[in-house]
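S.K.: Here is how the chains run, residue by residue.
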Amino acid sequence: DTEVTQTPKHLVMGMTNKKSLKCEQHMGHRAMYWYKQKAKKPPELMFVYSYEKLSINESVPSRFSPECPNSSLLNLHLHALQPEDSALYLCASSQAGQPKAFFGQGTRLTVV
Amino acid sequence: DAKTTQPPSMDCAEGRAANLPCNHSTISGNEYVYWYRQIHSQGPQYIIHGLKNNETNEMASLIITEDRKSSTLILPHATLRDTAVYYCIVRVDNAGNMLTFGGGTRLMVKP
Numbered sequence: 001d002t003e004v005t006q007t008p009k010h011l012v013m014g015m016t017n018k019k020s021l022k023c024e025q026h027m028g029h030r031a032m033y034w035y036k037q038k039a040k041k042p043p044e045l046m047f048v049y050s051y052e053k054l055s056i057n058e059s060v061p062s063r064f065s066p067e068c069p070n071s072s073l074l075n076l077h078l079h080a081l082q083p084e085d086s087a088l089y090l091c092a093s094s095q096a097g098q099p100k101a102f103f104g105q106g107t108r109l110t111v112v
Numbered sequence: 113d114a115k116t117t118q119p120p121s122m123d124c125a126e127g128r129a130a131n132l133p134c135n136h137s138t139i140s141g142n143e144y145v146y147w148y149r150q151i152h153s154q155g156p157q158y159i160i161h162g163l164k165n166n167e168t169n170e171m172a173s174l175i176i177t178e179d180r181k182s183s184t185l186i187l188p189h190a191t192l193r194d195t196a197v198y199y200c201i202v203r204v205d206n207a208g209n210m211l212t213f214g215g216g217t218r219l220m221v222k223p
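The listed protein sequences correspond, in order, to chains A and B.
Its first residue numbered 1, the first sequence is counted upward by one per residue in our numbering.
Its first residue numbered 113, the second sequence is counted upward by one per residue in our numbering.
Extracted from the complex, chain B is given alone in its bound form (with noise of 0.2 Å):
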């Protein structure tokens, strides 16, 4: 799998958008980009995917560059209970079960 690199705190002000960055420079075609978050104390909640292309669910968006050497977590209206830590893993689809967490980003997001 190829490495990633986070960066490793982040703060945010509450109610504005959270912008959570990483660098996978060594990706390869067929590698799709997760993101977990792990709330204090619970089990990493997946949160998006991504090949190549933007995606949205109803917790955030992806934005994927073009040469897809990184990526960036958006959280668009960040609330306290955003406050966690952020894990972006790049993994093969249909190769394994495994994910294989980094040191992630520790955001937290103030009143």
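Extracted from the complex, chain A is given alone in its bound form (with noise of 0.2 Å):
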């Protein structure tokens, strides 16, 4: 199994809404990520876990709140966001220190 599974796939929220995204693996990897990503751009890095503690934080607001319950999911809580976050959130995990990442299909995020 070398899937990386994100949902939900779409998702629209209003600014004053709280949703959660959801990433899931099993293939006993120890490092998982997440990314943004805007149309027609690369993959910008957010977050890094690594053995379920939080090792990279690129400076993102309060209103995104990782969480690693265990080392097959990854959470990320979302809470007060604007339109300009609407974006493709994706999922990724890899071998600790390892750059052979494995991505999901992403959730497509609309802020309305």
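Hints were generated in silico from the structure; no laboratory data involved.
Just to be clear, a hint being listed does not mean it is correct.
[Said to hold, decoys possible] Restricting the straight-line Cα-Cα distance to at most 27 Å, the calculated cross-link-like pairs of lysine-lysine (BS3-like) are:
hint, chain 1, residue 1, chain 2, residue 2
1, B, K222, A, K40
2, B, K181, A, K41
3, A, K41, B, K115
4, A, K22, A, K9
5, A, K9, A, K53
6, B, K164, A, K100
7, A, K40, B, K115
8, B, K181, A, K9
9, A, K38, B, K222
10, A, K53, A, K40
Reconstruct the complex from the two isolated chains, following the hints.
M.R.: Here it is in structure tokens:
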């Protein structure tokens, strides 16, 4: 199983809503990531978890709150987002310390 | 990480070889060259990586120049499904997990 599964595939939320994105992998990877991708731009790193601990936060606003409840799951909690946060949110996983990563298909988020 | 430079776009005829160049003139001795691609509206997909020797797998071949300042990803028989953005990334192995994506090359395979 070399899949990274992200749910939901699409999400529309209001600026006052609270929602969560979910990511799951069963490859035994101990590093998991969140990326944000705007249209026609490359993915931008948001967070890195290594062995279930947050190791990198790329100066992401606090309205994005990551959580890694166990080695297979990664969540991204969203609250009070702005329309400019509309983007494709990608989750990835890899062996710890290895740049060979497996990506999910992403959640396309629209903030209205 | 060393900076990479790729042409913004390329065309290739279906069935022909697609040769995608990447310049990484400031690469250091322990940095690997990784290639990923992203088909429209999907997550990036790992293709291949190498240090200094040429590499081949079921998807592509990677040719790295002897001075390691540039490399070429070769798709030997491009199909329409190879239309994607191809990213060349230089990274030190075992020094962290992050992948930093540059602009990439948008490859259009035409019938």
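S.K.: Hint by hint, say whether it matches the structure.
M.R.: Results of checking the hints against the structure:
no., hint, result
1, B:K222 / A:K40, "20 Å, holds"
2, B:K181 / A:K41, "25 Å, holds"
3, A:K41 / B:K115, "17 Å, holds"
4, A:K22 / A:K9, "10 Å, holds"
5, A:K9 / A:K53, "26 Å, holds"
6, B:K164 / A:K100, "17 Å, holds"
7, A:K40 / B:K115, "20 Å, holds"
8, B:K181 / A:K9, "39 Å, violated"
9, A:K38 / B:K222, "26 Å, holds"
10, A:K53 / A:K40, "31 Å, violated"
Hints 8 and 10 from the list above are not met by this structure, while the remaining hints are.
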